[in-house]
Amino acid sequence: MILGHKLPTVLTAPEIGRLLDATPDIKYKAMFAAMYSSGMRVSEVIHLHYDDIPAKTNPI
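Numbering of the sequence shown is given in full-length UniProt numbering, commencing with residue 1 and proceeding in unit increments.
Just so you know, the hints here were simulated from the structure itself, not pulled from any lab data. It is possible that some hints are incorrect.
[To be verified] In silico DSSO-like pairs for lysine-lysine, Cα to Cα no more than 30 Å straight-line:
#1 K27 x K56
#2 K56 x K29
#3 K29 x K6
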């Protein structure tokens, strides 16, 4: 076991809801929702393009 590594802090579902409700810009709201629902990192969401999502199945 490796010592000294803390587990990351994870937001609860109500906290995520409050975050999305408090975000007025639809672009950032979509980014937060994509990160929460898919587990993507900030850098992955920033570099995501519309063409990266197949139209029929919508997986990221």
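Here's how the hints hold up against the structure:
no., hint, verdict
1, K27 x K56, "holds, 22 Å"
2, K56 x K29, "holds, 23 Å"
3, K29 x K6, "holds, 28 Å"
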